[in-house]
Amino acid sequence: GDSVTQMEGPVTLSEEACLTINCTYTATGYPSLFWYVQYPGEGLQLLLKATKADDKGSNKGFEATYRKETTSFHLEKGSVQVSDSAVYFCALRNEKLTFGTGTRLTIIP
Amino acid sequence: EAEVAQSPRYKITEKSQAVAFWCDPISGHATLYWYRQILGQGPELLVQFQDESVVDDSQLPKDRFSAERLKGVDSTLKIQPAELGDSAMYLCASSRTDSGANVLTFGAGSRLTVL
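These protein sequence lines are chains A and B, in that order. Take 78 as the starting number for the first sequence in my numbering and just add one per residue. Take 814 as the starting number for the second sequence in my numbering and just add one per residue.
The following block holds chain A by itself, in its conformation from the complex (with noise of 0.2 Å):
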């Protein structure tokens, strides 16, 4: 079945680090890809999509870029903010939404 790994937190970096947090997939077909994230005690937002291969979503000053040779979805950011600390979430959608585990992202003054 569809599955989603990404890397695995927590990661603490310093304000105006470069962020990138890796996200791999398997799945059949050509799944749309979606990073979401989760701000402590809230529900999920949608960050950014990318819906076919070499598209590349971007939101907030984050992108990544679908890439289907490498079956990958990594999200960057030049220069992360404090308020950029969450959890945030790779996910596949065929027939239903699949998530990976989160990975948790602090960001320090």
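Note that these hints are calculated values from the structure, not bench results. The model shown is predicted, which means the values in this text are computed figures rather than measured ones. From the three backbone atoms N, C-alpha and C, an ideal C-beta is built for every residue, glycine too. Accuracy of the hints is not assured; some may be wrong.
[Unchecked claim] DSSO-like cross-link-like pairs, simulated, lysine-lysine; straight-line CA separation at most 30 Å: (1) 129(A) with 173(A); (2) 173(A) with 875(B); (3) 126(A) with 173(A); (4) 145(A) with 173(A); (5) 145(A) with 126(A); (6) 154(A) with 129(A); (7) 884(B) with 154(A); (8) 884(B) with 137(A); (9) 173(A) with 133(A); (10) 173(A) with 891(B); (11) 884(B) with 824(B).
[As the list claims (entries may be wrong)] Just a few of them, taken from the derived set where beta-carbon distance is under 7 Å, the chain A residues facing chain B: (12) 119; (13) 121; (14) 164; (15) 166; (16) 177; (17) 179.
Dock chain B against the given chain A, drawing on the hints supplied.
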């Protein structure tokens, strides 16, 4: 901005008691989902509705869990009897259709603690 409404936000109950969660999706969204998120893990789908019909409940523990969406709008998820292992966040989400490209919008969740 339209939101998915859930209640209650927090629920503490003793094992063997009954508990219910309510969800009101975004207006016009035909597809509604219930997910369970255990602490430190990603959400897992419990049940998916298309309008008032269940289209996937393969991961719903049917001996104790039930879900309904009688008029194809709001939905209720019930657990009876609750067990210690049911402690989790219960997330409701909705989307316009069940198409793979459609984005799911999640509610804030209902956190259940079973003592």
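Hints the structure fails to honour
7, 8, 14
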